[in-house]
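2 protein chains.
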Amino acid sequence: MDKITMAEGPLTAEELQKLDAYWRAALYLCVGMIYLKGNPLLTEPLAFDDIKKRLLGHWGSDSGQAFTWIHLNRLIKKYDLNMIFISGPGHGAPASLANAYLEGTYSEVYPDISEDREGLRKFFKQFSFPGGIGSHCTPETPGSIHEGGELGYSLSHAFGAAFDNPDLIVAVMVGDGEAETGPLAASWNSNKFLNPVRDGAVLPILHLNGYKIANPTVMGRMSPKQLESLFIGYGYKPYFVEGSEPEAVHRTMAQTLDTVIAEIKEIQRKARTGELAQFPEWPVIILRTPKGWRGPEEIAGHKIEDFWRAHQVPFDVGENPANLKLLEDWLRSYKPEELFDKNGRLIQELKDLAPAGLRRMSANPVANGGLLRKPLRLPDFRDYAVEVAAPGVKLAENTYTLGTFLRDAMRNNMTSFRIFCPDEMASNRLTAIYEVTKKTWLETIRPEDADGGELSPDGRVMELLSEHTLEGWLEGYLLSGRHGVFASYEAFIHVIDSMFNQHAKWLAKCREVPWRAAVASLNILVTSTVWRQDHNGFSHQDPGFLDVVTNKSPDVTRIYLPPDANCLLSVMDHSLRSTDYINVIVADKKPHLQYLNMDEAIKHCSKGIGIWDWASNDQGSDPDVVIACAGDVATMEALAATSLLREHFAGIKIRFVNVVDLFKLMPQSEHPHGLSDRDFNSLFTPDKPVVFNFHGYPWLIHKLTYRRSNQKNIHVRGYKEQGNINTPLELAMLNQTDRFNLAIDVIDRVPRLQTAGAHVKEWLKDQIIENTNYAYENGIDKPEITGWKWPYESGAGIK
Amino acid sequence: MDKITMAEGPLTAEELQKLDAYWRAALYLCVGMIYLKGNPLLTEPLAFDDIKKRLLGHWGSDSGQAFTWIHLNRLIKKYDLNMIFISGPGHGAPASLANAYLEGTYSEVYPDISEDREGLRKFFKQFSFPGGIGSHCTPETPGSIHEGGELGYSLSHAFGAAFDNPDLIVAVMVGDGEAETGPLAASWNSNKFLNPVRDGAVLPILHLNGYKIANPTVMGRMSPKQLESLFIGYGYKPYFVEGSEPEAVHRTMAQTLDTVIAEIKEIQRKARTGELAQFPEWPVIILRTPKGWRGPEEIAGHKIEDFWRAHQVPFDVGENPANLKLLEDWLRSYKPEELFDKNGRLIQELKDLAPAGLRRMSANPVANGGLLRKPLRLPDFRDYAVEVAAPGVKLAENTYTLGTFLRDAMRNNMTSFRIFCPDEMASNRLTAIYEVTKKTWLETIRPEDADGGELSPDGRVMELLSEHTLEGWLEGYLLSGRHGVFASYEAFIHVIDSMFNQHAKWLAKCREVPWRAAVASLNILVTSTVWRQDHNGFSHQDPGFLDVVTNKSPDVTRIYLPPDANCLLSVMDHSLRSTDYINVIVADKKPHLQYLNMDEAIKHCSKGIGIWDWASNDQGSDPDVVIACAGDVATMEALAATSLLREHFAGIKIRFVNVVDLFKLMPQSEHPHGLSDRDFNSLFTPDKPVVFNFHGYPWLIHKLTYRRSNQKNIHVRGYKEQGNINTPLELAMLNQTDRFNLAIDVIDRVPRLQTAGAHVKEWLKDQIIENTNYAYENGIDKPEITGWKWPYESGAGIK
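These protein sequence lines are chains X and G, in that order. Counting from 99, one number per residue, gives the positions in the first sequence under the numbering used here. Counting from 99, one number per residue, gives the positions in the second sequence under the numbering used here.
Hints listed in this document are in silico derivations from the structure and should not be mistaken for laboratory results. Just so we're clear, the structure is a prediction, and the values are computed from it rather than from any experiment. For glycine and all other residues, C-beta sits at the position ideal for the given N, C-alpha and C. Among these hints, one or two may not hold up.
Claimed, not checked - DEER-style ranges, computed between Cβ atoms:
1) Asp556/G - Asp450/X: 54 to 60 Å
2) Gly136/X - Glu882/G: 24 to 30 Å
3) Asp864/X - Ala616/G: 50 to 56 Å
Claimed, not checked - Counterexamples of contact, computed for chain G against chain X with all Cβ distances above 10 Å:
4) Glu106
5) Phe146
6) Asp178
7) Glu248
8) Pro281
9) Pro344
10) Glu345
11) Asp427
12) Glu447
13) Leu456
14) Arg480
15) Asp481
16) Asn511
17) Ile700
18) Ser741
19) His746
Claimed, not checked - Chain G is faced by these chain X residues, among others (derived, beta-carbon under 7 Å):
20) Leu114
21) Gln115
22) Asp521
23) Ala524
24) His592
25) Asp595
26) Asp640
27) Ile878
28) Lys880
So here's chain X without its partners, still in its complex pose (with noise of 0.2 Å):
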């Protein structure tokens, strides 16, 4: 290394070897992990067949973490912390696995891993093995509430699971190859949205080892005063713990620890006292230590430690003497036998350096935060029910009334429940949650933004330019036990389709673990949609995130289309209450027709899919067509459609069915909301034409319907890539998801209206031609379609 700083420090030359000693026990884990199945403790001589055949997991970030972890132990105990830990370098799990061993966790969640020879040896034998557990901090993992399989996230988690939380501490070990990432750049900002009234704090640990698996690493290299610069320059507290010498590193972490630690505590106190005047300077450590730090030096003259050969196995034992000896020696360099008792067990006088209890890092429950989640104080939504006398008559914005009930949703919770989004609530008309709270700003606040500015410390909304860091910081707050939503543009979720998919792998394998407790359900709002992005142009039109949720396993992806604003109500109530999804809710904001009221609402979003009586006029015999259809604008293109045949095919029979929850359409048998074949029929009819107006890509309802007897007589239309600057009807007329279109589409397919319908159909086409003109003209639809009204009272359909 460059640079040692030596110190003195807090630490007794008792205490040192001790703490030594510990790290030593967890990195003779870390080792015995990778590479032992038998003769755990060593009591034999090392024999090929002691060895695992696939040699798995990372070696290179495991010593920096262990030590890292065994200085906060000590931290714990000397000042009664409340302290988890979220582990950043990917691969890096045998650093937290072999501490939660060493502290008992393991042992009391999985007792066939028990405290002794027996226990230890499958300990090893199950790690990155068949049938046994990830190198990962996977949900297996006690005291993990971040994976790090991809890398990015784990700051974003640390500063979620530290909101609302004042009494905690948050250590994140940042890998300095995560640091590359673009979500993990930005989430440096979420200091400027950490209240130190009200929040816990997060430590940031930047780990420097200086190589990814195949490179050095961009802050490896940089000068120490860049990197210094840099995070004065974030707002941050740089505290550098450099070197390779274990002794001097040591002391020079307790140093640090000790002296990170009081300054904690002095913002804290100095901020819940009113003392503080900005947003506080919160310390940060940057520790650069060898990579595979204590491990092999050199192996056949390749330089190990210290570069990224340390990245994974650093070499394989074979059938190679030379290197089963090496093996041997590299864990006996670690002295198993003056920390282990001859039953396997640490020995007592090292046991009692970890924290007790709860105070254990692998058993904060925070980090297991279903433990501690308590449902949200909800009000009843039908308070906020839209008044509907009569379906498709009345305009109402179904994002502003929703933003009503969660304004009251978030006064009841105060503490436990936060929205999250990119810059957009306004634009997204949530604006209501403004009466009870406003939006988190830490830096300074101006004047003139008393004028709809909306901004305070202690606000409970949290906007900031990144979807990746919302998304992480909801996930951490979701996963250390409290409740959230999290309302994007519907073109922009992509931006988090990578992270949606680790949360839902997460959720799947917690189902799993059976000492993992649920976790409130992870609640997007996709906002904004496609349909209204006429004005935004193509590059914001882009209903594709539900295709990403369907790949995702059924037992953790629910994805809802609510029509109306009281569909809409009923399907986020239904949503804030659930736990273990992740809840997709499509809802646009811009005014919408008003179908159902509410008790019709809640029975409609109960079922997920039903007939809409009022709409249809097959009653008491078979329809020739179903028009079906899914989400706001899709659903009143169908109704206008709809309304037009009817005006023009005096004895034409219409089934209208709507669809909130899409697995309805899915099999039984493949997603636990899908409906029974015998109860599709029912809605869709075994053999009639179905015309299905869906919101998104249309062939997603192919995908989900193909197993259906009457998949071959479904026709869908959805958004197909066509879109400019338009006006709404001219942006569903290009996508063909129009009621011109739908019509032609029913003429198609109805073989009596085929004759008869050509005239019709003729006009049809005609009104499209004109409708586009009238749109490249006047720059709006005419006032006919945008003020467009579903015709009929109630039952007047039936004729």
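Once you've looked at the hints, dock chain G against the given chain X.
Then chain G, alone, in the frame of chain X:
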């Protein structure tokens, strides 16, 4: 503003007055675009009828951007610079459009929008108007390679354009909203990958106008000291230009630009004469000017200028005479009568301020990079063929083989071809490339790096652990006329889903813009695929990127799943020669069986789909079943299933179909590569059972084939979110894509096997249990699975 920096600077009073006049002309156009459809020169008093009915577009960043453009013009002329402009702030296109119009470029590419009164009227009206153009710098915008609809990519696009363009300076305005995003935050590190010898320069201008759509920006409220520290930390040399008083800011901007150009030239001179020791501190300009600068200061008691209320359209006109007056006053404040002659053309004195010809940023061919694109000089890919004497017998590493071809492609194109990869080139087995070029590295290089580090300032392989930055670099590189490949782990390519969407939309729209020349395709090599993430576990298993790709325009999307090395070579050669596509090539990095010799591979890949006669035994008769597959691992398991079936059922007739070009499955009417129904049926039969083993999520095949007449008989297997730490076979078995489950699928679907096959089915089920147990016990698959080979001689299968 807090601070005004005054400086006399290089401007004479006359120059200053002219610059300001030119700027006013641009601002007049910006406001005109947002509001007017008639009366473009205000030759009449402004009337309600002159105003668009629907006001769209964003004013907030226009003035600062137009100001910067004009100052850059001065610089271009003074120093004869080759410069392009990238506009980061979203919806800020009016600034670029106004300048393109004033420079005459707009009328050159759209003769209909002439430089006269009528042209100006059309220019105004078309903006953000149906049938017109968008409010971002869409492909229709001359001089643009960056739409900016989705925020975050301006800076990486800028660096991408600068690579291998030693003469070019890319001026890039980064909005302070955009600066909050992850992708943008990560891309500041791009300076560590820009070689001043062979690359051009990037001049970032961070535009701190302080507000987003409804919030202050994080950077806008950072202290000047923090900002300075941050950029020094990133390795830049920050220059501040701050103020609201035009004259002062003109003078400071002019002086600052003269300074930074001198610095850029000095860095380049030093670097190119060998005087530069390490990577230089490139200048960055921090431009702090009011949002909506020189627009209305206040309306109805609300602050507009220098506040978020200036972000979009500052006020509506409607039927309000006061607002009409306000608008007229605003427009007239720029004194159009002094700026345009009576025909509506910018007066010559101002015209002369802009650079001429291709030096105009609106006309620089770099921003229509297809004009500069030269086809790659590719070696003959046949020369890299793996010898295949018999199908399915020999193992080879497909990506390693590809690497040898890419190596020589690189050797032949050392100034126009780069490879981008997030720290995975070695992991992905593409290391042969290092024989001709290294990895770009401008930070310190240490002695130990010589041992496999492969670092060099001249390296042409770009490795950074940010998929966002890499993708942004590559897009910028391609759009400015060069070629490249992005190689990434399959699961984590989802990180750039949204960037993919935006680039696909850009390419699709370019097809409608006649003056845009074709650019090289974006080639994405998806490797380290789901089926060989058995050791990395569940978080690394996600083949869903293909689903995202299939939502985008068929005009620009291509997906290839080459089953072996020779097919991969053929497909990559084809992709590297293609233009205006996004080619997604899925190929795993591990050793795989080889099936086709080069001639066969070329034939197979040209067709994109085909029957493998050597694996089929239905020649001359109808098959009992079609076994189809797409993907390397999927192909091997499908072949193994075929051999199991033929072994157990002497008379069974199997047709074996392999798919390379996934879009062959779609109908001809939906994708240009789609098969006709007749051709589809000739492969898959009109009515026989098809068991399809797919690389990705199984329902994607249903989505592509739902219109096929035989679709109800197509049974698809693929990844269905089942996995953890497994052996390869176990992972396949969990998802039922393994040989045993596929054989069972066939037995279940071929009527005459259903009785005869019962005992075989039991045996197959036993195999599944036995192999699972073996994996759990040994951590590896049985040798006969790992070493499995296709058992029949070519043709021997015909019975």
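Here is how each hint holds up against the structure:
no. : hint                            : verdict
1   : Asp556/G - Asp450/X: 54 to 60 Å : holds (57 Å)
2   : Gly136/X - Glu882/G: 24 to 30 Å : holds (25 Å)
3   : Asp864/X - Ala616/G: 50 to 56 Å : violated (38 Å)
4   : Glu106                          : holds (30 Å)
5   : Phe146                          : holds (14 Å)
6   : Asp178                          : holds (34 Å)
7   : Glu248                          : violated (6 Å)
8   : Pro281                          : violated (4 Å)
9   : Pro344                          : holds (22 Å)
10  : Glu345                          : holds (25 Å)
11  : Asp427                          : holds (23 Å)
12  : Glu447                          : holds (35 Å)
13  : Leu456                          : holds (28 Å)
14  : Arg480                          : holds (31 Å)
15  : Asp481                          : holds (28 Å)
16  : Asn511                          : holds (23 Å)
17  : Ile700                          : holds (32 Å)
18  : Ser741                          : holds (25 Å)
19  : His746                          : holds (27 Å)
20  : Leu114                          : violated (30 Å)
21  : Gln115                          : violated (32 Å)
22  : Asp521                          : holds (5 Å)
23  : Ala524                          : holds (4 Å)
24  : His592                          : holds (4 Å)
25  : Asp595                          : holds (4 Å)
26  : Asp640                          : holds (6 Å)
27  : Ile878                          : holds (5 Å)
28  : Lys880                          : violated (12 Å)
In the structure shown, a violation is registered for the earlier hints numbered 3, 7, 8, 20, 21 and 28, in ascending order.
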